[in-house]
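Need the complex rebuilt from these two chains, each delivered in its own frame; the hints are there to steer you.
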Amino acid sequence: MTGAVAAASPRARALRRLARERGAVAALCVLAAIALACLIGPWMTGHEPERAYPDLRQLPASLAAQPDDARLAAALDRLAFRIRARVEAAERTGDALRLTLAADAPIDRRGLVYLPRSDLFGVPQVASESEGGRRLVLDVPVRRLHFPLGTDVHGRDLLSRCLVAGRVSLAVGLVATLVALLIGVAYGAVAGFVGGAVDAAMMRAVDALYALPFVFFVILLLVFFRASLGLMLIAIAAVEWLDMARIVRAQTLTLRERDFVRAARALGLTDARIIARHIVPNTLGPVAVAATLLVPRVILLESFLSFLGLGVQEPDTSWGVLIAEGARAIEAAPHMLAAPAAFLIATLVSLNLLGDGLADALDPRSA
Amino acid sequence: MIRLVLRRLAQAVPTLFAVVAVSFFLMRLAPGGPFDLERPLAPAAMENLRRVYGLDRPLIAQFGSYLASLAQGDLGPSFSFRDLTVAELIGRGLPVSATLGALALVLATGLGVGLGCVAAVRRGGAVDRLLGFGAALSLSLPSFVVAPLLQIVFGLTLRWLPLSGWADGDPRHLILPVVTLALPQVGALARLTRASLGEALRTQPVRTMRSLGLPPGRVVRHALRGALLPVVAYLGPLAAALLTGSVVVETIFGLPGIGRYFVEGALNRDYTLVMGVVLLVAALVVAFNLLADLACAWLDPRLRVAA
Numbered sequence: 001m002t003g004a005v006a007a008a009s010p011r012a013r014a015l016r017r018l019a020r021e022r023g024a025v026a027a028l029c030v031l032a033a034i035a036l037a038c039l040i041g042p043w044m045t046g047h048e049p050e051r052a053y054p055d056l057r058q059l060p061a062s063l064a065a066q067p068d069d070a071r072l073a074a075a076l077d078r079l080a081f082r083i084r085a086r087v088e089a090a091e092r093t094g095d096a097l098r099l100t101l102a103a104d105a106p107i108d109r110r111g112l113v114y115l116p117r118s119d120l121f122g123v124p125q126v127a128s129e130s131e132g133g134r135r136l137v138l139d140v141p142v143r144r145l146h147f148p149l150g151t152d153v154h155g156r157d158l159l160s161r162c163l164v165a166g167r168v169s170l171a172v173g174l175v176a177t178l179v180a181l182l183i184g185v186a187y188g189a190v191a192g193f194v195g196g197a198v199d200a201a202m203m204r205a206v207d208a209l210y211a212l213p214f215v216f217f218v219i220l221l222l223v224f225f226r227a228s229l230g231l232m233l234i235a236i237a238a239v240e241w242l243d244m245a246r247i248v249r250a251q252t253l254t255l256r257e258r259d260f261v262r263a264a265r266a267l268g269l270t271d272a273r274i275i276a277r278h279i280v281p282n283t284l285g286p287v288a289v290a291a292t293l294l295v296p297r298v299i300l301l302e303s304f305l306s307f308l309g310l311g312v313q314e315p316d317t318s319w320g321v322l323i324a325e326g327a328r329a330i331e332a333a334p335h336m337l338a339a340p341a342a343f344l345i346a347t348l349v350s351l352n353l354l355g356d357g358l359a360d361a362l363d364p365r366s367a
Numbered sequence: 001m002i003r004l005v006l007r008r009l010a011q012a013v014p015t016l017f018a019v020v021a022v023s024f025f026l027m028r029l030a031p032g033g034p035f036d037l038e039r040p041l042a043p044a045a046m047e048n049l050r051r052v053y054g055l056d057r058p059l060i061a062q063f064g065s066y067l068a069s070l071a072q073g074d075l076g077p078s079f080s081f082r083d084l085t086v087a088e089l090i091g092r093g094l095p096v097s098a099t100l101g102a103l104a105l106v107l108a109t110g111l112g113v114g115l116g117c118v119a120a121v122r123r124g125g126a127v128d129r130l131l132g133f134g135a136a137l138s139l140s141l142p143s144f145v146v147a148p149l150l151q152i153v154f155g156l157t158l159r160w161l162p163l164s165g166w167a168d169g170d171p172r173h174l175i176l177p178v179v180t181l182a183l184p185q186v187g188a189l190a191r192l193t194r195a196s197l198g199e200a201l202r203t204q205p206v207r208t209m210r211s212l213g214l215p216p217g218r219v220v221r222h223a224l225r226g227a228l229l230p231v232v233a234y235l236g237p238l239a240a241a242l243l244t245g246s247v248v249v250e251t252i253f254g255l256p257g258i259g260r261y262f263v264e265g266a267l268n269r270d271y272t273l274v275m276g277v278v279l280l281v282a283a284l285v286v287a288f289n290l291l292a293d294l295a296c297a298w299l300d301p302r303l304r305v306a307a
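Sequence order for the protein chains is A and B.
First residue of the first sequence: 1, per the working numbering; consecutive thereafter.
First residue of the second sequence: 1, per the working numbering; consecutive thereafter.
The shape of chain B in the complex, shown without the other chains (with noise of 0.2 Å):
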């Protein structure tokens, strides 16, 4: 378990610095820079900014400096938020983000494991065949067309929720945007759940155990624990995106979380904004799927010997 935890980790290190090294020549390669205005700004000034970000020394030691740092920690200045450095910005969006994916992840994966569950079960009825629809919509329902309709319905029209914003996390303001954010999600799992839950519901073993009389919904438990694989897999990757937020649902609902301030600083030119926030999602990434795989080996006891 251990070697395994040592193992994945290591082999995170050149995942990340493949991260930092293209999005760092990719920035530096795209034209325009942090300090274009609308009104240009004096040569002079502009050469002051420059020296001051270290903008005008060569590439390569500019990307030195910047994995020097990070080395220690610091993700360095923001270049449009000035008087703060990226760490506050991600301190300040990504709890906004968390908490919404993280209310988004139980939502989904309660009512998308449960509902695939009965979809295996009454495999090919009446019942099965609604759900796998409700899924196929669900999936197909863009959070860009969600998003406005609930705005419209409850908030422009019947005035049950508020329309936008954040108001330092008040519940009401949640509502909506975990719903928007959990509906794919919740199609997703059922149709996973659905999948590899009928599979096993039709292996030997169940059948065994079908024929000494278990009660059925023993039966889907146990069958359950081994079907849960494929769908913790998938779990992983999902978490590390909710948790780092959706940039359409930030913006619709005009919340401070990471997708907003990685589209501002993506338009803003704000190199280490950017960085900052590709480099935290791709940790996220590495570190839930290492939670998943650990979650799968303690589901499935085979595993731990394969690892």
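So here's chain A without its partners, still in its complex pose (with noise of 0.2 Å):
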């Protein structure tokens, strides 16, 4: 297995067939833009995903800059009354507002950095000041901001929470893969290459761990004990891995009375280096395939659970906890679920999608 590989290696024969898979393709472009966005993109859009604007709550999704006229003049008499001041007069050129302010008393200068401190406005300079400081003429800079998939309840920018949420998602849908391969790859690979009654008894268990109802296993630990990123990782894998070890199982079983297990067996290998060098590399066709569909299921599973309240938890977020807020609000705010539902659902059919078209380039009787 040493050199180079040769053009017509099975394994670039299997890339060239997926390349040629156009839904499998674009698949991969959006699954690579989903990931690219979630990893880089909370820097880019401006706003800290924690970062509360009370002012801009359940904004809708728009490209237009924030705040516009109608938010504006609410933000403006709610920081006028903490002013204790009224709004006389309020006129907006572009990033700059004009200001008057008029209270019965002089007018406290301190309360002006309740402006500022709104997150929409910049620090204002008091330009006249007239009735003994009971008429205040402020020239206060507009910040424009922008939410291009609106804000949720608190005020939030939904695409810096949809984002950070998908690092959460992906996360844990490629972690608990893996782990649920590498028992599953490991296991099966062992059972099918020792065989006798210790297959047996090793797929003994693996049929009654099937008839388990795991889900409802998965929630009461999740209930019960305190849930947490790592135990629901550990949840799914140990549900998810019977797949696997079956899979690799029924793939040990036609490598093992290969010439080349034998010849490797003849030439003294130990049992553990021929599972390891030549067995499980033979398996990883189909594993490949499995594992791919395997990821948008354990997302699928982790949404669920965070929707339900009992995977990740605050501070924290999940695409399930955002789809979870949006469907509280629903009526008040439909975009809070169609965003992180539309990340969600993207990625998973790009990932079914993507399974498809590599089970379809892997196997070996089509074209």
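No lab work stands behind these hints: they were computed from the structure.
For each residue, glycine too, the CB sits at the ideal point set by N, CA and C.
Mixed in with the good hints there might be a few duds.
Computed spacing ranges between beta-carbons, pair by pair [stated by the list, open to error]: (1) 36(A) with 287(B): 31 to 37 Å; (2) 134(B) with 29(A): 18 to 24 Å; (3) 262(A) with 114(B): 43 to 49 Å.
Structure representation (structure tokens):
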């Protein structure tokens, strides 16, 4: 297996066939885009994912800059109340606002710090003062904020939240799949290779585990012990390795009697070495397909648990958590469900299509 | 055949015992108890309650007496629903979950197998690719997204169907939950049928039938019988899962099914209720896997010999 891999190696042929599956290639591009966006996107949206804008709650998705005139007026009224004054006039020209505040008593200028604190305005400059300090004319810079996917119930940028949540969802999907993969491949390969009574006993155990109502156990585990990311990872991996073990065992049974395995045995290799170097690499085709299709199932299970409040906990977030928040606010702000759901569904569809394409490309019977 | 049934039933005993043991000790190891209220009870009252329900005895003795009453078919009283036994609660919830599950199963099987056959016959064509995408999409639509969407569209906007509730099994209340339950399974079954039938259609006997001039419909019918094996094997656990309800669907649509009782029981540390539901699900999984195996043996004579 050393030296340059020839152009017509099975792997190269499979890759070429995969490249011909347009759906799979498109899915791969979508996945890469989502993963990249989740990885670096949160630094590029201009908002901290945790930053709440109290005056901009539940904004619908829009490309327009915020605050718009209606929300500006509402925010000004709220702030003027805290400064103990009234808004007499507010005139906006571009990024600047000429604000006239009036009150029955002289206005305490220390209250003006509320303006920059609200995140919507810059530091105000007093342009003029009249009526003994009861009327102030201020020049206030207005910030221009963009929320392409809107904001949530606390006024947090939904795009940043979706991207940060995606990190968690994707990481859970990959790590849990990897753990399930390791357990399943090792278990299946050993059972298939050793064979006999050991194999029978090991697969009986798998059969028995299949009959367990696992989703119920996962829920029990997470309800009774404090739900955490690590516990959820363990629970998901413990459920999902069974399929992998069956696939690998079936493959191993056919490989065990092949000549190259006999040759390896005749050369005096240990069982462990034969399994690691000759059996497992040859099972990787179907395992790759199964693993690709397992990732969306794991992500779905994670969002399901998070939706029930048993998975990822605040302040962390995942697509399931965001969808649960969106489902609660669905009448007032449907975009809060739509945005994370779109991310989740796009990811799952892409992974499923990629798995299908991979299965077709690795199928030795297809041309 | 009878030996197969007997052997599987014998195998079911250790499985069910493992289910009971794992859930029993898992729950008792967890912090909290069924009588923890917002305002703590007086220690004496707590002591009395624990004695009445037998919670003051050693864990292993409690397990023994639970098994003993279980052997007599008694699932015990519920801790959180006062004056009701677990059997009565399951008797209330199971008809709801089972009605929904059976309808969803029929819908998903009919649609999924049908569409899978179409895709297999048109393998590689535009219809196949469209159905493949549809299947991937249906597998990727989480029920907790689909359910609120259906509620918004058909309940709030169009006002065709009620938003939620059970209303004693009024058919109009069933439509949205059944569709939500069935949707992902349509994709899974279509995909399974397509793969299995597609393979069967490429075998030698089918080529022979074709070359002898059998009409395509007859050819597919012959091939389908053998190709249904993986589908039937998948239907076993699926039926058990659907009949025992979906936590999400029952929560969102406000249905008083098994899934709801389970989650409420778990949150309230209702030991006996949780055990009862878990045991019911496990028993149904065993039963439906057995049914699926029998159906497979009926479809494929070779399996009867092997069994």
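(message) When the structure is checked against the list of hints, which entries are broken? Sort them ascending.
(response) The structure breaks only hint 1.
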